[in-house]
Amino acid sequence: MTTARETVLGRIKDALALAPAPDTTVPRAYRTGRTLPDDERLALFTDRLVDYRATVHTCTADRTAQVVAEVLREHGARRIGVPAGLDPRWLDAYDGEVQQDSGDIPAPRLDALDGVLTASAVGCAETGTVFLDGSPDQGRRALSLVPDLHVCVVDLSTVEAGVPEAVARLEPRRPTTLISGPSATSDIELERVEGVHGPRTLAVVIRTDR
Amino acid sequence: MSSTFLGMPATPPRSPYGTGNLRGDRKFPEAAHDELRNEQLRRNLGRATRTIRAKRLDVTGELPDWEALREAGSAIKTDTMNRLPELLEQLEQKVTERGGTVHWARDGVEANEIVTRLVKATGSSDVIKVKSMATQEIGLNEHLESAGITPYETDLAELIVQLAHDKPSHILVPAIHRNRDEIRQIFLKEIPGVDPGLDNVPAHLAAAARAYLREKFMTTKVAVSGANFGIAETGTLAVVESEGNGRMCLTLPDTLITVMGIEKVLPRYRDLEVFLQLLPRSSTGERMNPYTSMWTGVTPGDGPQDFHLVLLDNGRTAALADRIGREALNCIRCSACLNVCPVYERAGGHAYGSTYPGPIGAVLTPQLAGMHAAKDDPNSSLPYASSLCGACFDACPVKIDIPSLLVELRHQNTEQSGTTAEKLAMKAAAAVMKHPKLFTAAQKGAGIGRVIGGRDGRISHLPPPFNGWSESRDTAAPPKQTFRSWLASAEGAATMRAAAGEYEKNRKQQKKEEEEK
Chain F
1 MTTARETVLG RIKDALALAP APDTTVPRAY RTGRTLPDDE RLALFTDRLV
51 DYRATVHTCT ADRTAQVVAE VLREHGARRI GVPAGLDPRW LDAYDGEVQQ
101 DSGDIPAPRL DALDGVLTAS AVGCAETGTV FLDGSPDQGR RALSLVPDLH
151 VCVVDLSTVE AGVPEAVARL EPRRPTTLIS GPSATSDIEL ERVEGVHGPR
201 TLAVVIRTDR
Chain V
1 MSSTFLGMPA TPPRSPYGTG NLRGDRKFPE AAHDELRNEQ LRRNLGRATR
51 TIRAKRLDVT GELPDWEALR EAGSAIKTDT MNRLPELLEQ LEQKVTERGG
101 TVHWARDGVE ANEIVTRLVK ATGSSDVIKV KSMATQEIGL NEHLESAGIT
151 PYETDLAELI VQLAHDKPSH ILVPAIHRNR DEIRQIFLKE IPGVDPGLDN
201 VPAHLAAAAR AYLREKFMTT KVAVSGANFG IAETGTLAVV ESEGNGRMCL
251 TLPDTLITVM GIEKVLPRYR DLEVFLQLLP RSSTGERMNP YTSMWTGVTP
301 GDGPQDFHLV LLDNGRTAAL ADRIGREALN CIRCSACLNV CPVYERAGGH
351 AYGSTYPGPI GAVLTPQLAG MHAAKDDPNS SLPYASSLCG ACFDACPVKI
401 DIPSLLVELR HQNTEQSGTT AEKLAMKAAA AVMKHPKLFT AAQKGAGIGR
451 VIGGRDGRIS HLPPPFNGWS ESRDTAAPPK QTFRSWLASA EGAATMRAAA
501 GEYEKNRKQQ KKEEEEK
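These protein sequence lines map, in sequence, to chains F and V.
Reading the first sequence from the start, the letters are residues 1 to 210 in UniProt numbering.
Reading the second sequence from the start, the letters are residues 1 to 517 in UniProt numbering.
Please keep in mind that the hints were generated in silico from the structure rather than gathered at the bench.
Everything numeric in this text was worked out from a predicted model, so none of it was measured.
Backbone N, C-alpha and C define an ideal beta-carbon position, used for all residues, glycine too.
Distance ranges between label pairs, derived from CB positions:
{"#": "1", "chain 1": "F", "residue 1": "A112", "chain 2": "V", "residue 2": "E67", "range": "43 to 53 Å"}
{"#": "2", "chain 1": "V", "residue 1": "K480", "chain 2": "F", "residue 2": "P27", "range": "50 to 60 Å"}
{"#": "3", "chain 1": "V", "residue 1": "E97", "chain 2": "F", "residue 2": "P106", "range": "26 to 36 Å"}
{"#": "4", "chain 1": "F", "residue 1": "M1", "chain 2": "V", "residue 2": "A211", "range": "45 to 55 Å"}
{"#": "5", "chain 1": "V", "residue 1": "S404", "chain 2": "F", "residue 2": "P106", "range": "53 to 63 Å"}
{"#": "6", "chain 1": "V", "residue 1": "P300", "chain 2": "F", "residue 2": "T55", "range": "28 to 38 Å"}
{"#": "7", "chain 1": "F", "residue 1": "A29", "chain 2": "V", "residue 2": "T96", "range": "31 to 41 Å"}
{"#": "8", "chain 1": "F", "residue 1": "T24", "chain 2": "V", "residue 2": "T219", "range": "45 to 55 Å"}
{"#": "9", "chain 1": "F", "residue 1": "P20", "chain 2": "V", "residue 2": "T96", "range": "28 to 38 Å"}
{"#": "10", "chain 1": "V", "residue 1": "K120", "chain 2": "F", "residue 2": "G103", "range": "21 to 31 Å"}
{"#": "11", "chain 1": "F", "residue 1": "G103", "chain 2": "V", "residue 2": "E145", "range": "29 to 39 Å"}
{"#": "12", "chain 1": "F", "residue 1": "M1", "chain 2": "V", "residue 2": "L36", "range": "47 to 57 Å"}
{"#": "13", "chain 1": "F", "residue 1": "D39", "chain 2": "V", "residue 2": "E62", "range": "16 to 26 Å"}
To give an idea of the interface, some chain V residues facing chain F are shown, with a C-beta separation under 10 Å as derived from the structure:
{"#": "14", "residue": "A48"}
{"#": "15", "residue": "E62"}
{"#": "16", "residue": "I262"}
{"#": "17", "residue": "N289"}
Below, a sample of chain V positions facing chain F; criterion: calculated Cβ distance under 8 Å:
{"#": "18", "residue": "P12"}
{"#": "19", "residue": "I52"}
{"#": "20", "residue": "A68"}
{"#": "21", "residue": "A75"}
{"#": "22", "residue": "I76"}
{"#": "23", "residue": "L84"}
{"#": "24", "residue": "W104"}
{"#": "25", "residue": "A157"}
{"#": "26", "residue": "A175"}
{"#": "27", "residue": "N245"}
{"#": "28", "residue": "R270"}
{"#": "29", "residue": "T296"}
{"#": "30", "residue": "T299"}
{"#": "31", "residue": "T317"}
Pulled out of the complex, with its shape left as it was, chain F reads as follows (with noise of 0.2 Å):
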């Protein structure tokens, strides 16, 4: 007997000699490799984050603790996680309660949560994305999604100008969720409302100097 497997690409086989086509070759003459100087980045993707209500803090690295904290406490987040991966020093000004992800704790217990703050690994600036690829200091995927808040640290030098320079960035082979502003629906007469399913707040802390 055939498999599907084999019917579905002697199908295929068939279709094309049925149709030939002439070999093509793709035009990559789009912008690739753009590079722009750090304060021009910064001012790009700052402008591209508030654009789609993202707030965003600016700091250098080693005020990082004293701006997460600022944060955490105007958002009124008291119980927070973090990925295992994370660098504590980032808490040492915050004085609510921190809960350490470990892939046993089940969602209903990150839902639990009041945010929870990770790190990145690449940023767009002309678009106002931020990539997590699940290392350990941005942690499993549940985790930045389930709390109705996310701090989000941004490093500017992860920032590249577009979304060539940043794919290029990536490692494919990590989980990897592309992150622009707060999730958003635009199901209910095409009129934007921030926060459905994922966290309704993203702040994004951009470290200038790292």
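Assemble the complex: chain F is given as a structure, and chain V must be docked to it using the hints.
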């Protein structure tokens, strides 16, 4: 046995007749007639498509290399179709290497059976679903329900459609035909335990959906998704979304089943740099959609540990066998063509009778499911659901020449429908037009049309063989006399003399003015 064994390629079959959601029960003009009477629908659609058109133009205009991206997107898709067998085998190998299981489905029936079997194997009687065109196309929800499994749509618009026992009317915004008051009513009636004081503010309606689905996300063990892209080179799958319901479904359950059309494969990971720019800007008119999830097989300790990819044909290979029509397979389901289409804007998505409405639906549906599977097949009317204005071609991020595909399908329809009376009439007209005497005689004969036209000078029902023509448009009654007979009459001669006199007068006046200068 595969036909390639015999060295004689066979035309691949369409999606089996009577399965899935690729055929309406009425022809487009008939269905559109009813939809056009729905003023609420037209108001909702008009407002929504106007908004999204403006947003799309803003963000595509922002990119100086938009046209270069379209060129690249188009070429990547064409290259993909040319190399489909090797790319699918590569995708299968990579997904398998990373701990996933790949299944192949000849058609929707087979895909439904595979998914149902996989869900049953988990012991779960519920599944949460990410909005997916492929599973809508094959009628997966209906099939799951018949097997005692409850599917929960988690995209807000899909939820609205599901709760209202309705059908999606737009690729991206399936409930575009509903306004906030209608949605409030649906929620009040269908969501268990909803606050009876719920008002019609979109943010409050979205919050009600969040509360309702939260518990489902936390407890359901199986999710079913579609895929926007599948990367052959790495085995990576991508889902592009806004609300976070996609992330929930792709992350929290133990088992994930992804149903992907075979045309959704892309050769290289790098190709994402093109499509992650083309898709969101064309689709929602955003620089980037809020969330995109990408995963490669199974990642220990993160997300579903049991991952299945179902590769679906369901007529796609039949489309691929058409040299011109295969271009429709390049579609990335952005829905930009719907939003710019004057026909879609007025008729709405339901009139097309298929999961795929609008301009792309009018070319994709007949290719996947055929146009002559039954007598008076409703799909045979789809290539005519267009004024061929070309706005869809201009908006398409992968440059699908939809108007040319529509014309090709019209041609195929005429060829396939055999020696119809209309065809004979067209041949007769060609013969008559070649001979001036016959033409004059025929024009005299056409004067009879005035009698049929009645007082408003419109003919809404032509007799056979022209009834096909008048099904979707009124025909202006022929004039009292032809231009040529008018010119030869006393009235014509007098008008021409008067015009000549006017011309002479103007010329003299002009000359006088020039001399004065």
